[in-house]
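In order, the protein sequence lines correspond to chains S and U.
The working numbering runs 15 ahead of the 1-based position in the first sequence.
The working numbering runs 404 ahead of the 1-based position in the second sequence.
Don't take each hint at face value.
Under the rule of at most 30 Å between Cα atoms (straight-line distance), these lysine-lysine pairs were calculated in the DSS-like manner [unchecked claim]:
#  : chain 1 : residue 1 : chain 2 : residue 2
1  : U       : Lys766    : S       : Lys61
2  : U       : Lys669    : U       : Lys616
3  : U       : Lys526    : U       : Lys669
4  : U       : Lys766    : S       : Lys30
5  : U       : Lys766    : S       : Lys109
6  : S       : Lys97     : S       : Lys192
7  : U       : Lys406    : S       : Lys347
8  : S       : Lys116    : S       : Lys97
9  : S       : Lys380    : S       : Lys236
10 : U       : Lys692    : S       : Lys137
11 : U       : Lys576    : U       : Lys622
12 : U       : Lys662    : U       : Lys766
13 : S       : Lys347    : U       : Lys636
14 : U       : Lys616    : S       : Lys53
15 : U       : Lys635    : S       : Lys380
16 : U       : Lys406    : S       : Lys337
17 : U       : Lys406    : U       : Lys564
Just so you know, the hints here were simulated from the structure itself, not pulled from any lab data.
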Amino acid sequence: MKDVTLSLAEVVGEKYVSSQPEEAYFYARDPGLMPAHKPDYVVLPKTVEEIQRIVRLANKEKIPIVPMGAGMSLSGLVIPLKGGIVIDMKRMNKIIEVNEKARYVIVEGGTSHGLLKAYLEKRYPRLRHSIPDSPATATIAANVMIHGQGRLSQQYGFNSDMVAGLEIVLPSGDICKIGSCSLSPEWFSKGAPLPDLSGLFLGWFGATGIISKVALKLYPKKRMRDVEIFVTDREDLVPDIIYELTHTEMVEDINIFAQPLPMIFKDNHHIVICVTGDTDEELEFKKKMIFDALDRFIKSKDGGFMSVAPAMKETFLEMPQKSASTFADVTKGGGFEYSGPIIVVERYPECARKLEELATRYALKYNVTARVIGRGHSMMFAFSFTFNRADRDMMDRTKEALHEASEYALASGGVFWKPTIDEQRMAIERMDPNTRNLIKMIKKDLDPNGIMNPGNWEVNVDEI
Amino acid sequence: MKYEEIVHRCFRCGYCKLTGDYADFNCPSYRKFRFETYAPGGRMWLIRAWLNDEIQNSERFQEILFSCATCANCVEQCVFTFSDDLVNIFIAAREEMVNRGVIPPVVRDYLKNIYSNGNPYKEPAGERGKWSEGTPIEAYDGQEYLFYVGCVGSYDERGKKIARAVGNLLTKAGVSLGILGSREGCDGNEVRALGEAGLFQFLAEQNIALFKELGVKKIITLDPHAFNAFKKDYPGLGGEFEICHYTQMLASLIQSQKLPLTEYKARVTYHDPCYLGRHNGEYEAPRKVLGSIPGVELIEMDQSRQNAFCCGGGGGNFFTDILGGGEDSPSRVRVRQALDTGAQVIAVACPQCAKMLDDAIKAEELEDTLEVLDVAEIVTRALS
Ligand SMILES: Cc1cc2nc3c(=O)[nH]c(=O)nc-3n(C[C@H](O)[C@H](O)[C@H](O)COP(=O)(O)OP(=O)(O)OC[C@H]3O[C@@H](n4cnc5c(N)ncnc54)[C@H](O)[C@@H]3O)c2cc1C
Ligand code: SF4
Ligand code: SF4
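All chains, full assembly: derive it from the sequences and hints.
Next comes the structure, spelled out in structure tokens:
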């Protein structure tokens with residue numbers, strides 16, 4: 016066999032392949048708590064043809080491949096558990112096409128949310144996409160790969176529900192188009208009216224293919240946005256409040272946060288409600304509907320609207336919300352991780368109590384964040400802990416607390432979102448056996464050599 | 405190492421490598437090399453790994469550390485409270501490398517040349533003031549201002565032209581100034597940025613002593629790098645002077661009509677030097693100068709002011725060229741950004757930027773389309 020570094024260099028150019036200790040160190044880890052594991056090579060392709068050639072080489076030599084966006088999932092999904100090649104996708108960041116009237120955009124597989132936001136603001140100010148609160152470097156393809164949620168998820172579901180087409184490099188190295196684009200030049204649907212094959216790829220963490228292009232649905236961008244915060248100290252009422260709010264059909268995004276510090280936040284659950292409008296009248300009307308919907312909680316003195324200072328408003332309206340990242344420095348430590356199961360909204364109160372209990376028991380700083388998905392069909396509930404990277408003991412405690420949170424979430428009907436390898440194992444073990452078998456069949460057929468992000472969605476748990 | 409207690413706080417989120425509006429990558433070394441290791445977050449994680457003996461010093465580690473242009477985009481964009489110290493941390497790591505004697509040969513050579521010759525060009529000190537021959541610029545002898553030119557303005561062909569343009573303009577406007585010529589010493593800004601803190605202190609103390617001995621109170625600098633050192637670092641070493649960059653001086657001279665301007669017709673885009681802009685917050689003076697020239701149409705690049713993309717010359721890279729070369733070299737990227745505006749002229753306010761961008765224009769084969777002119781050269785063309 017020819018030297019792999021040389022072969023990779025023939026594909027991407029010498030400058031864009033590394034097997035040096037510096038890259039091996041960095042790409043072995045992410046900002047979360049999963050143990051590091053070094054890649055043998057890191058490559059930075061520029062074209063889909065280059066990806067194809069890398070995958071073919073890996074397939075022939077049975078070398079693992081891990082696609083990577085910004086590595087911000089925090090759950091170790093880009094750590095090359097079995098070594099091999101990390102493909103850093105970020106040189107492939109072109110915005111290929113915007114279809115304004117059909118409201119979709121096609122981007123390359125390494126394009127970041129930040130870049131698309133800036134592009135639309137400049138060229139298509141009446142269009143927007145669902146931006147998650149991950150750092151602006153987070154890539155769109157990876158975000159839909161992990162079923163992310165963003166600013167429009169309350170209205171339209173997971174960000175992966177907003178995919179309008181995919182181009183995938185299969186583990187064989189062949190390119191496959193998914194959705195309307197498989198037979199039409201237009202990328203308006205990922206499935207319907209065809210069989211929806213996007214499910215063979217979305218949610219698989221790159222274990223069935225690499226997204227080289229993704230089309231994303233765009234949505235009307237109203238001229239104005241505003242935020243209100245409804246506060247209650249009765250967590251049991253949060254599901255009802257959300258039910259009333261989502262009934263109005265007037266809300267862009269609903270997030271909930273609760274944290275013990277600063278003191279004024281303690282014991283309160285803050286329901287952050289974003290509204291949009293093209294005119295003052297539209298905005299005011301929506302706000303009035305929202306006020307009316309929550310009137311009974313105000314009358315019973317169980318909650319009220321908090322006055323939000325302009326600086327605070329700015330923080331909440333910002334997209335992405337940078338303060339979500341700075342949580343990592345609460346312990347002056349550079350790290351946080353959350354177990355973020357998708358739960359039904361009724362589970363919010365018990366999860367919030369559990370998180371507080373875990374934080375007390377493990378002496379950790381915590382933060383409840385939750386985002387409503389699809390008019391209350393579900394929510395992402397984050398058991399978030401911040402830790403100090405220079406404090407081993409704190410990191411161990413955080414790991415344990417997260418493990419307990421995951422077990423708790425699963426036991427109470429939650430389903431892991433962007434699960435770590437440990438959570439995947441727990442999920443596979445508990446899953447309906449026929450579903451598990453189907454996963455196994457799909458994986459075996461698509462990736463017979465098991466080269467794609469191995470360890471992930473491995474049904475034979477011993478292989479994880 | 406200084407700042408050792410905070411390097412672990414980087415979350416590697418990557419805000420620092422973008423512009424403020426997220427439109428593009430704005431860390432010049434990341435933009436060129438594209439491995440995360442060459443981004444600010446990568447540097448932070450590798451510095452920590454090196455201090456913890458998890459990685460060893462290597463040629464690549466040195467390249468990663470010394471390809472930082474100290475442009476301060478990361479300082480501007482990092483969302484964490486320690487952001488102000490990012491460049492300081494990178495410099496502290498270089499300092500540690502200098503102390504341990506593990507630096508790239510080009511850096512060692514640069515530092516040696518400064519140490520033994522007082523300039524990186526290995527030129528005799530006696531040649532330092534030669535650029536001013538044939539101009540009315542006088543030697544410093546108690547005038548109101550000292551015009552401090554620096555190594556690039558004194559020895560580099562491109563730099564000398566700019567020094568002459570600035571000197572001539574200031575003299576023409578009646579500013580009372582003088583230069584040190586062969587008595588001038590290197591300001592040390594790049595020495596400090598390359599991690600030789602001891603040599604920097606030596607240079608700074610020498611300069612301060614001389615300035616004091618000559619009774620210097622006010623200094624006009626040609627180079628934003630010197631401007632930075634004099635303003636930020638010299639006071640801590642006992643050197644308190646009134647410092648201004650020549651564009652600030654020109655702005656006030658034009659305003660007070662000491663430099664009567666006619667017309668210079670051109671579409672001009674202005675490139676902010678990092679040490680004038682992000683490091684010292686001066687974005688307006690050069691724009692004021694350009695804006696007051698009849699016929700100049702000022703068109704901003706997408707990445708300007710706080711979001712300006714570095715030419716790649718900062719942090720010593722002008723001399724070491726660790727970051728230079730190739731299609732993705734910062735100066736070539738910057739020239740293409742300038743080209744996108746439709747401008748004919750890239751205006752600069754730093755001799756290092758001028759040289760970097762000049763070379764990039766040649767590499768891009770754009771000599772017939774774009775020209776690099778210093779703000780002072782443009783003013784000169786518009787003089788009545
Ligand atoms: C502060 C903070 C806030 C966050 N808030 C949110 C939020 O509000 N909403 C949300 O959804 N997420 C959030 N996240 C989680 C995560 O950062 C995002 O979902 C992000 O979009 C992931 O993108 P990435 O490029 O970093 O993915 P990576 O971590 O690089 O990759 C994720 C997975 O996708 C795979 N992958 C990457 N690229 C490809 C490709 N082209 N083809 C196939 N597989 C690929 C990887 O192998 C990996 O399995 C947050 C994270 C942080 C740190
Ligand atoms: S330097 Fe700041 S912005 Fe950059 S990765 Fe580190 S924490 Fe994030
Ligand atoms: S100072 Fe500039 S070159 Fe250096 S890490 Fe920061 S952004 Fe990159």
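So, going through the hints one by one against the coordinates:
no.: 1; hint: U:Lys766 - S:Lys61; verdict: holds (26 Å)
no.: 2; hint: U:Lys669 - U:Lys616; verdict: violated (44 Å)
no.: 3; hint: U:Lys526 - U:Lys669; verdict: violated (40 Å)
no.: 4; hint: U:Lys766 - S:Lys30; verdict: holds (23 Å)
no.: 5; hint: U:Lys766 - S:Lys109; verdict: holds (27 Å)
no.: 6; hint: S:Lys97 - S:Lys192; verdict: holds (29 Å)
no.: 7; hint: U:Lys406 - S:Lys347; verdict: holds (17 Å)
no.: 8; hint: S:Lys116 - S:Lys97; verdict: violated (45 Å)
no.: 9; hint: S:Lys380 - S:Lys236; verdict: violated (36 Å)
no.: 10; hint: U:Lys692 - S:Lys137; verdict: holds (26 Å)
no.: 11; hint: U:Lys576 - U:Lys622; verdict: holds (19 Å)
no.: 12; hint: U:Lys662 - U:Lys766; verdict: violated (36 Å)
no.: 13; hint: S:Lys347 - U:Lys636; verdict: holds (27 Å)
no.: 14; hint: U:Lys616 - S:Lys53; verdict: violated (56 Å)
no.: 15; hint: U:Lys635 - S:Lys380; verdict: violated (41 Å)
no.: 16; hint: U:Lys406 - S:Lys337; verdict: holds (28 Å)
no.: 17; hint: U:Lys406 - U:Lys564; verdict: violated (37 Å)
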